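Chain order of the listed sequences is G and D.
Counting in the working numbering, the first sequence runs from 1 upward without gaps.
Counting in the working numbering, the second sequence runs from 1 upward without gaps.
Please note that a few of the clues may not be correct.
What the hints assert, rightly or not - Residues from chain D that face chain G, not an exhaustive set, calculated with beta carbons under 7 Å:
no. : residue
1   : A177
2   : I178
3   : Y182
4   : Q184
5   : D189
6   : K190
7   : A191
8   : R193
9   : V196
10  : Y199
Claimed, not checked - Far from chain D by the CB rule (all over 12 Å, computed), these chain G residues:
no. : residue
11  : Q29
12  : I109
13  : E125
14  : D165
15  : F222
16  : R274
17  : L360
These are calculated hints, taken from the structure and not from any lab test.
These numbers were taken from a predicted model, which means no experiment stands behind them.
Quick reminder that beta carbons are idealized off the backbone N, C-alpha and C, glycines included.
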Amino acid sequence: MAEITLNSLAHTYSDNPTKPEDYAIREMQHIWHQGGAYALLGPSGCGKSTLLNIISGLLEPSDGEVLFDGQRVNELKPEERNIAQVFQFPVVYDTMTVYDNLAFPLRNIGVPEHKIRSKVLEVAEILELSDQLKRKAKGLSADQKQKVSMGRGLVRDDVSAILFDEPLTVIDPQLKWKLRRKLKQIHEQFNITMVYVTHDQLEASTFADKIAVMYQGQIVQFGTPRELFENPAHTFVGYFIGSPGMNFIEATVNNQALEFGSHSLPLHPDLSRRLTELQTTQVKVGIRPEFVHVWDGSNPDAFQVDVDFIEDLGTYKILTFNFDGILMKARLSEDQKVPHGKAYVSFPEQWTKIYVNEFLVEVDHD
Amino acid sequence: MTKVENNKAWWLVMPVFLIVAFSAIIPLMTVVNYSVQDIFDPYTRYFVGTEWFKQVMTDSRLHDALIRQFIFSFTILAIEIPLGIGVALMMPTKGRGASLALILVAIPLLIPWNVVGTIWQIFGRADIGLFGAMMAKLGINYNYASEPMHAWLTVVLMDVWHWTPLVALLCYSGLRAIPEVYYQAARIDKASRWAVFRYIQLPKLTNVLIIGVLLRFMDSFMIYTEPFVLTGGGPGTSTTFLSQSLVQQAIGQFDLGPAAAFSLVYFLIILLVCWVFYTTIMNMQKDK
Numbered sequence: 001m002a003e004i005t006l007n008s009l010a011h012t013y014s015d016n017p018t019k020p021e022d023y024a025i026r027e028m029q030h031i032w033h034q035g036g037a038y039a040l041l042g043p044s045g046c047g048k049s050t051l052l053n054i055i056s057g058l059l060e061p062s063d064g065e066v067l068f069d070g071q072r073v074n075e076l077k078p079e080e081r082n083i084a085q086v087f088q089f090p091v092v093y094d095t096m097t098v099y100d101n102l103a104f105p106l107r108n109i110g111v112p113e114h115k116i117r118s119k120v121l122e123v124a125e126i127l128e129l130s131d132q133l134k135r136k137a138k139g140l141s142a143d144q145k146q147k148v149s150m151g152r153g154l155v156r157d158d159v160s161a162i163l164f165d166e167p168l169t170v171i172d173p174q175l176k177w178k179l180r181r182k183l184k185q186i187h188e189q190f191n192i193t194m195v196y197v198t199h200d201q202l203e204a205s206t207f208a209d210k211i212a213v214m215y216q217g218q219i220v221q222f223g224t225p226r227e228l229f230e231n232p233a234h235t236f237v238g239y240f241i242g243s244p245g246m247n248f249i250e251a252t253v254n255n256q257a258l259e260f261g262s263h264s265l266p267l268h269p270d271l272s273r274r275l276t277e278l279q280t281t282q283v284k285v286g287i288r289p290e291f292v293h294v295w296d297g298s299n300p301d302a303f304q305v306d307v308d309f310i311e312d313l314g315t316y317k318i319l320t321f322n323f324d325g326i327l328m329k330a331r332l333s334e335d336q337k338v339p340h341g342k343a344y345v346s347f348p349e350q351w352t353k354i355y356v357n358e359f360l361v362e363v364d365h366d
Numbered sequence: 001m002t003k004v005e006n007n008k009a010w011w012l013v014m015p016v017f018l019i020v021a022f023s024a025i026i027p028l029m030t031v032v033n034y035s036v037q038d039i040f041d042p043y044t045r046y047f048v049g050t051e052w053f054k055q056v057m058t059d060s061r062l063h064d065a066l067i068r069q070f071i072f073s074f075t076i077l078a079i080e081i082p083l084g085i086g087v088a089l090m091m092p093t094k095g096r097g098a099s100l101a102l103i104l105v106a107i108p109l110l111i112p113w114n115v116v117g118t119i120w121q122i123f124g125r126a127d128i129g130l131f132g133a134m135m136a137k138l139g140i141n142y143n144y145a146s147e148p149m150h151a152w153l154t155v156v157l158m159d160v161w162h163w164t165p166l167v168a169l170l171c172y173s174g175l176r177a178i179p180e181v182y183y184q185a186a187r188i189d190k191a192s193r194w195a196v197f198r199y200i201q202l203p204k205l206t207n208v209l210i211i212g213v214l215l216r217f218m219d220s221f222m223i224y225t226e227p228f229v230l231t232g233g234g235p236g237t238s239t240t241f242l243s244q245s246l247v248q249q250a251i252g253q254f255d256l257g258p259a260a261a262f263s264l265v266y267f268l269i270i271l272l273v274c275w276v277f278y279t280t281i282m283n284m285q286k287d288k
C-alpha cells in the first residue's frame with residue numbers, strides 16, 4: 001500500500017536537452033493517493049508510458065524524485081519496488097500452466113508452497129480462471145492471458161500499486177467491458193492503488209475516480225471525469241475529452257467584451273479584471289457542443305448562423321454551423337427542433353471558458 | 001460450387017513437379033535401381049534383389065562406423081548446443097560491440113571444410129603447430145596421427161570450433177526476437193536470472209534450437225572432409241565415419257550395388273533420427 005509522489009520529475013531521452021520539447025516528461029509535481037483508481041489519459045506519444053515505466057522503475061528519470069510513502073525509490077530496481085505492472089501485450093510464461101504462472105512471483109520470493117496454493121486459488125477464483133489452472137498459458141485467449149498477467153500482480157501481498165499500460169488494447173470489444181468491470185471490482189476488493197494508462201476517454205472515465213490528462217509531457221489537468229468535462233483546464237482537455245470536442249474561437253478582448261469577426265460577447269467584470277492583470281488581449285473562447293444553446297427561432301440574445309450539416313447519431317444529433325467563417329458544433333437532443341438553413345445560437349456565460357496560452361483563465365466568483 | 005474433374009489447373013503444378021523430379025526423385029530412384037543389381041560393366045548386370053541390403057546390414061565394419069558416427073554426432077551436439085546458447089547469451093546486444101561480436105563469431109563459418117581440416121592438422125602438430133606445441137610443453141604427448149583418442153579429440157574440437165558459431169548465431173537471432181516487455185515483466189515478478197533463462201529465453205529459443213539441432217545432426221552425421229584431411233580416417237579406422245566408408249566402397253572399390261544400398265540405409269537413418277528429434281522437441285512444448 002503506498003502513496004506515490006512524483007517530485008519535480010522530468011525525463012528526457014536526449015543526451016543534452018536544451019528546449020522543453022526535448023523532454024518526454026516535463027517537470028511535474030504529482031501525487032497518486034493510496035487506494036485510488038486513477039487513469040492517465042493522453043494521445044500516443046504524450047509520455048504516459050514513460051511516466052508509468054518511471055514509477056515502476058523500468059526507467060530511471062533524468063531529473064526529480066519518485067517517492068513511495070515519502071521514501072525516495074529512484075535507486076530501487078523494479079523488483080525492489082513492490083509494484084505490479086500489466087502491459088499492453090499480455091505477458092505470460094508460455095511453457096508454464098496457468099497455476100504456475102500465478103504462483104511464479106510467489107515462488108520467486110520463496111513463499112511456502114501451501115500458502116502459494118491458497119493464494120493462487122483465491123486469485124484464480126476472482127479472475128474466473130479456476131477451471132483453466134491446469135492448462136498451459138500458451139493456449140489461452142488474449143483476454144485470459146491478460147487476466148493471468150494481472151493475477152501475477154494480485155497474488156503478491158506486498159504489492160503497493162498496480163500499473164496498467166493500455167491493458168485492453170488487444171482484447172475483443174465485448175470482452176473489454178467485462179474485463180474493465182472486473183478491474184473495478186478488484187480495485188474495490190483489494191483497496192490497491194491503481195494507475196491505468198489509456199488513450200480512450202471512455203475507458204478512463206469508467207475505470208477511474210480521477211483522471212490525469214497528459215499532453216506533451218505534462219499533466220495538464222487532474223480531476224474527476226465531470227471536472228474534465230465541465231471545466232477543462234487546458235484547450236487540449238477540451239478538445240480531447242468529449243465527443244465531439246470543445247469549440248474554440250480566437251477572440252480579442254476589447255472594452256470588457258470579447259470580439260471575434262463582427263460579433264462580440266459581454267465579458268464578466270471579474271474575468272475582464274483578470275485578463276487585464278494578465279496583460280493579454282488575445283484569447284481563445286471555448287464552449288462545449290453540449291452547452292451551445294440552439295433556439296427554435298430568432299431571439300435577441302442569439303446569433304444567427306448558417307447550418308452546415310447535421311449528423312444523426314441516433315439518440316442525438318450534431319449540428320455543424322458556420323459562425324462567421326468558423327465551423328462550430330452543437331449537440332441537439334432528440335426532441336429538439338432541427339434547424340434548416342439558418343440557426344439561432346447563444347453561448348451561456350457559465351459554460352463559456354476563456355483560455356490564454358492554452359490554459360484556462362480562472363476567477364474566484366465570490 | 002461443384003468440383004471440376006480433370007481440372008486444367010493441375011498443369012500449374014507441372015514446373016514444381018519437374019523440378020522435384022530432376023532434383024530428388026530421379027537421382028534417388030537411380031540409387032534405388034543400383035542397389036538391387038550387381039553391375040559388372042555398363043552392359044553386364046544382374047538383378048540381385050535385397051542381397052546388397054543384407055550384406056550392408058551385416059557388415060561389421062559398417063556397424064563400427066555407424067556406432068562411431070552416433071557417438072561423434074551426439075558428442076558434438078552435447079557440446080555445441082549448450083555452448084552456442086551460452087555464447088549467444090554473452091554476446092552484446094547494442095552498439096559497436098554487437099556488430100564486432102557478430103563478425104568475430106561468424107568468421108569460422110566462412111572457412112571451407114577442407115581448410116578447417118588443414119588448419120587443425122597444422123595447429124595440432126607438436127613441431128610446428130601452436131596447439132600441439134602447447135600440449136607438448138604441458139607434458140602431454142599429443143599426437144593425433146598415432147593416438148585414436150587424440151585424433152577424436154582433434155576432430156571434435158574442429159567441429160565445435162567450426163559450427164558452434166552457427167548455433168550461437170541462430171540463438172542470438174532468437175534471443176533478439178524476444179520483446180523487451182517479457183524481461184520487464186520478469187523483473188517485476190522478481191524472477192532470478194536462471195528463471196528468466198528457463199521460462200522466457202529457453203521456451204522462445206525452441207524453434208531456432210530445432211533448426212540448430214537438426215542442421216548440426218545432419219551435417220555431423222555426414223562428416224567427411226575434416227577427418228579425411230586430418231588422418232584419412234585413422235589412425236587405423238578410429239575416425240572412419242559412415243560417409244568415408246561409403247566413399248571407399250563406391251569410388252575406391254567401385255562396388256556400386258552395395259554402395260547404393262548403403263546410401264539408402266544411411267539416408268533412412270538420418271531421416272529417422274531427424275524425425276525422432278523433431279517430434280520429441282515438438283512434444284515437449286505441447287499442452288498436456
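I'd like to know which numbered hints this structure contradicts. Please list them from smallest to largest.
1, 2, 8, 9, 12 and 14
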